[in-house]
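Residues per chain, in single letters:
Protein chains: 2
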Amino acid sequence: MQPEPARIGAPLEEIDTPALVVDLDAFDRNISKMAAFAASVGVAVRPHAKTHKCPAIARRQMAHGAVGLCAQKVGEAEAMVAGGIRDVLVTNEVVDSRKLKRLAALAQGATIGLCFDSAETVELAGRAAGELGVEFGALVEIEVGMGRCGVEPGRPARDLARRIADTPNLRFRGLQAYHGGAQHLPDHAERERAIAAACDRVRATLDALAEDGLSCEIIGGAGTGTFRLEATSGLYTELQVGSYIFMDTEYARIGGADGGPFAEFEHSLFVLASVMSMPAPGRAILDAGLKSYSVEKGLPWVHGLRDVVLDGVSDEHGKLTLGEAAKPLRLGAKVPLIPSHCDPTVNLHDWFVGIRGGMVDEIWPITGRGASS
Amino acid sequence: MQPEPARIGAPLEEIDTPALVVDLDAFDRNISKMAAFAASVGVAVRPHAKTHKCPAIARRQMAHGAVGLCAQKVGEAEAMVAGGIRDVLVTNEVVDSRKLKRLAALAQGATIGLCFDSAETVELAGRAAGELGVEFGALVEIEVGMGRCGVEPGRPARDLARRIADTPNLRFRGLQAYHGGAQHLPDHAERERAIAAACDRVRATLDALAEDGLSCEIIGGAGTGTFRLEATSGLYTELQVGSYIFMDTEYARIGGADGGPFAEFEHSLFVLASVMSMPAPGRAILDAGLKSYSVEKGLPWVHGLRDVVLDGVSDEHGKLTLGEAAKPLRLGAKVPLIPSHCDPTVNLHDWFVGIRGGMVDEIWPITGRGASS
Numbered sequence: 002m003q004p005e006p007a008r009i010g011a012p013l014e015e016i017d018t019p020a021l022v023v024d025l026d027a028f029d030r031n032i033s034k035m036a037a038f039a040a041s042v043g044v045a046v047r048p049h050a051k052t053h054k055c056p057a058i059a060r061r062q063m064a065h066g067a068v069g070l071c072a073q074k075v076g077e078a079e080a081m082v083a084g085g086i087r088d089v090l091v092t093n094e095v096v097d098s099r100k101l102k103r104l105a106a107l108a109q110g111a112t113i114g115l116c117f118d119s120a121e122t123v124e125l126a127g128r129a130a131g132e133l134g135v136e137f138g139a140l141v142e143i144e145v146g147m148g149r150c151g152v153e154p155g156r157p158a159r160d161l162a163r164r165i166a167d168t169p170n171l172r173f174r175g176l177q178a179y180h181g182g183a184q185h186l187p188d189h190a191e192r193e194r195a196i197a198a199a200c201d202r203v204r205a206t207l208d209a210l211a212e213d214g215l216s217c218e219i220i221g222g223a224g225t226g227t228f229r230l231e232a233t234s235g236l237y238t239e240l241q242v243g244s245y246i247f248m249d250t251e252y253a254r255i256g257g258a259d260g261g262p263f264a265e266f267e268h269s270l271f272v273l274a275s276v277m278s279m280p281a282p283g284r285a286i287l288d289a290g291l292k293s294y295s296v297e298k299g300l301p302w303v304h305g306l307r308d309v310v311l312d313g314v315s316d317e318h319g320k321l322t323l324g325e326a327a328k329p330l331r332l333g334a335k336v337p338l339i340p341s342h343c344d345p346t347v348n349l350h351d352w353f354v355g356i357r358g359g360m361v362d363e364i365w366p367i368t369g370r371g372a373s374s
Numbered sequence: 002m003q004p005e006p007a008r009i010g011a012p013l014e015e016i017d018t019p020a021l022v023v024d025l026d027a028f029d030r031n032i033s034k035m036a037a038f039a040a041s042v043g044v045a046v047r048p049h050a051k052t053h054k055c056p057a058i059a060r061r062q063m064a065h066g067a068v069g070l071c072a073q074k075v076g077e078a079e080a081m082v083a084g085g086i087r088d089v090l091v092t093n094e095v096v097d098s099r100k101l102k103r104l105a106a107l108a109q110g111a112t113i114g115l116c117f118d119s120a121e122t123v124e125l126a127g128r129a130a131g132e133l134g135v136e137f138g139a140l141v142e143i144e145v146g147m148g149r150c151g152v153e154p155g156r157p158a159r160d161l162a163r164r165i166a167d168t169p170n171l172r173f174r175g176l177q178a179y180h181g182g183a184q185h186l187p188d189h190a191e192r193e194r195a196i197a198a199a200c201d202r203v204r205a206t207l208d209a210l211a212e213d214g215l216s217c218e219i220i221g222g223a224g225t226g227t228f229r230l231e232a233t234s235g236l237y238t239e240l241q242v243g244s245y246i247f248m249d250t251e252y253a254r255i256g257g258a259d260g261g262p263f264a265e266f267e268h269s270l271f272v273l274a275s276v277m278s279m280p281a282p283g284r285a286i287l288d289a290g291l292k293s294y295s296v297e298k299g300l301p302w303v304h305g306l307r308d309v310v311l312d313g314v315s316d317e318h319g320k321l322t323l324g325e326a327a328k329p330l331r332l333g334a335k336v337p338l339i340p341s342h343c344d345p346t347v348n349l350h351d352w353f354v355g356i357r358g359g360m361v362d363e364i365w366p367i368t369g370r371g372a373s374s
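Protein chains in written order, with the numbering used here: chain A, 2 to 374; chain B, 2 to 374.
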């Protein structure tokens with residue numbers, strides 16, 4: 002791990018850059034808003050650790066009523082359990098027997114679930130759980146429109162659920178029905194149609210399961226772009242939202258339900274950079290490039306500086322262009338950037354630096370950083 | 002750090018995925034080829050640690066005659082010195098006084114250089130070096146066409162060099178004249194023109210320096226896409242090449258001097274992934290997405306599998322499409338991917354797994370991973 006980029010109590014200007022900075026007030030409002038909404042409609046929140054990879058944040062989400070955490074990888078689940086989270090659902094298939102063994106070890110001290118889309122893996126998982134005398138919660142992942150993993154809804158899903166139900170050390174708990182492809186559809190109406198189609202697939206599966214006497218205590222899915230739709234569908238029981246705590250420009254660019262921009266949540270995550278060169282009028286170079294923020298969804302936005310845009314990036318540099326209305330910058334000036342895609346940006350850093358009132362208030366290690374296995 | 006993904010002596014099939022894998026035979030040939038070429042034309046190689054961030058690789062490069070390493074960040078320089086490298090040039094400006102203090106601490110046990118493009122930083126660096134009673138080698142970075150950092154060639158560069166020469170605890174050693182923008186120009190002729198223009202700027206600066214009695218022991222620059230041009234220019238003394246040890250698809254897509262594809266070096270770096278889902282005919286899902294390889298320069302290429310392409314990626318998944326000529330894959334099958342951009346891909350991992358004859362032969366920690374400060 003890299004050294005901590007700041008000390009608690011220091012002003013923002015003293016943070017060693019590049020650093021990942023969280024506006025704690027905005028962050029807390031985001032968590033509270035999701036928790037209040039979910040409570041109001043009677044669904045559970047099981048926030049996704051793939052976004053933050055940080056037990057300190059997970060504990061905060063639990064304190065706001067989350068029923069547990071999601072993880073995408075076994076390594077993330079390990080980081081969460083090591084950080085005190087006692088209920089983790091791996092929202093993904095795990096096919097490797099050594100990974101399944103690691104998951105079984107976690108299940109000795111925590112409630113652990115995972116997803117399935119093949120009979121072969123059911124077999125492997127049952128064996129791994131049996132060897133340590135533990136139980137895995139098991140969801141059947143159904144294909145709801147994103148064309149990634151998942152079995153077809155209806156009978157194929159029912160057949161797999163039956164196999165799980167008949168496998169010792171696995172407990173069939175329900176369906177994984179996440180539509181990742183819907184989250185960033187630009188228009189709200191498109192997202193509505195996509196989630197309506199996903200709901201049809203869930204319903205068809207529930208019907209098939211009922212024929213076989215199988216019922217679901219969990220129907221999981223939803224992301225920050227569609228959570229209200231799944232939550233009010235009458236079907237989904239758990240919202241697996243991740244990005245809502247931070248927001249990013251990819252979400253800021255989609256449309257909201259009212260036709261304006263999507264503004265459910267506030268930007269609370271920033272990559273703090275410093276001006277390291279002022280080589281020409283109208284140009285300033287930052288000390289943070291694509292090893293400090295991911296750019297596959299676009300360049301980050303400059304936060305709080307008028308008429309200044311980041312319009313070039315290389316591995317360790319960002320290029321700012323200052324327009325006529327921009328105030329001059331100085332060498333060493335701190336510039337906050339709003340990442341275009343929060344999850345892979347977080348995965349580049351070892352620490353969150355939490356800011357309140359311009360001062361460093363909290364420093365959280367990102368213990369799941371790099372936990373891709 | 003994440004746990005080691007393999008043990009020495011294990012077969013490739015037992016590597017925990019996603020993992021960063023190095024074909025050691027190809028890697029060694031790449032290092033030897035660059036070393037032999039540089040020796041044949043009488044220029045030095047100072048390989049860039051920004052590519053590998055790994056002292057074990059740096060030591061291998063030193064054993065092949067490198068005169069020292071480059072680093073882009075103070076944190077990378079720290080990782081190199083901690084790993085036994087005694088001569089490190091930071092090919093970048095360092096404007097923060099705490100970072101300069103860290104660099105001065107390194108200079109107590111190693112030869113440390115850095116670059117300048119402003120008088121203000123000369124002042125700060127001299128003070129930091131003076132406080133610890135050490136000396137920094139100092140290069141003036143000149144703008145040679147990439148529009149990033151650097152002062153204008155000729156008199157502005159000369160003025161800054163003079164200021165450095167007159168500053169206690171700094172030693173003027175020469176010019177940084179790296180043209181990053183030239184490295185991936187598609188046609189060899191374009192790269193020739195770009196480096197010829199850079200050379201004109203170096204010459205103009207040397208003339209201005211000579212008027213003031215200043216001479217250069219180092220003129221540094223060049224990358225994997227242009228190294229032969231700088232090396233044979235009669236001007237450059239040190240090649241700051243990085244990617245040549247690994248190659249990537251971004252380099253594989255540019256043109257070579259002979260009109261064919263650029264084939265100076267072999268692909269030695271792979272992200273090893275596993276098939277985790279086979280949800281539909283012709284589709285296989287890998288357990289490695291954009292948290293395991295950077296995609297801003299395109300999706301990785303599938304290595305060694307006929308008629309199989311990676312044509313979709315999300316944070317933790319890669320989607321393979323199998324054509325008619327593809328052999329069927331099975332769950333758990335290992336699939337090597339060639340990254341599109343090696344440097345930021347390496348920065349996502351904690352370990353290199355070196356392979357020889359299909360077996361794990363070496364495991365190297367990437368101690369500079371995340372060292373962006």
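The set of hints was computed from the structure by calculation and includes no laboratory data. A hint or two may mislead.
Pairs involving identical chains hold if they fit within one copy or between any two copies, as the list cannot separate such chains.
[Claimed, not checked] Restricting the straight-line Cα-Cα distance to at most 30 angstroms, the calculated cross-link-like pairs of lysine-lysine (BS3-like) are:
(1) K298 with K34
(2) K102 with K34
(3) K335 with K298
(4) K335 with K102
(5) K328 with K34
(6) K328 with K298
(7) K102 with K298
Now the hints, each set against the structure:
Taking the shortest alpha-carbon separations for K298 and K34, only the intra-copy value of 26 angstroms comes in at or below 30 angstroms, while the best inter-copy value is 37 angstroms. With identical chains, the CA atoms of K102 and K34 are never at most 30 angstroms apart, being 37 angstroms at best within one copy and 44 angstroms at best between copies. In this assembly of identical chains, K335 and K298 lie within 30 angstroms of each other by CA distance both inside one copy and across copies; the values are 23 angstroms within and 28 angstroms between. For the identical chains of this complex, K335 and K102 are inter-copy neighbours only, at 19 angstroms across copies versus 46 angstroms inside a copy, given an alpha-carbon limit of 30 angstroms.
Within a single copy, K328 and K34 get their C-alpha atoms no closer than 35 angstroms, and across copies no closer than 50 angstroms, so neither meets the 30 angstroms cut-off. Taking identical chains as interchangeable, the C-alpha atoms of K328 and K298 lie at most 30 angstroms apart only when both belong to the same chain, with a minimum of 28 angstroms there against 33 angstroms between chains. Proximity of K102 and K298 under a CA criterion of 30 angstroms is satisfied in neither setting, with 35 angstroms inside one chain copy and 36 angstroms between copies.
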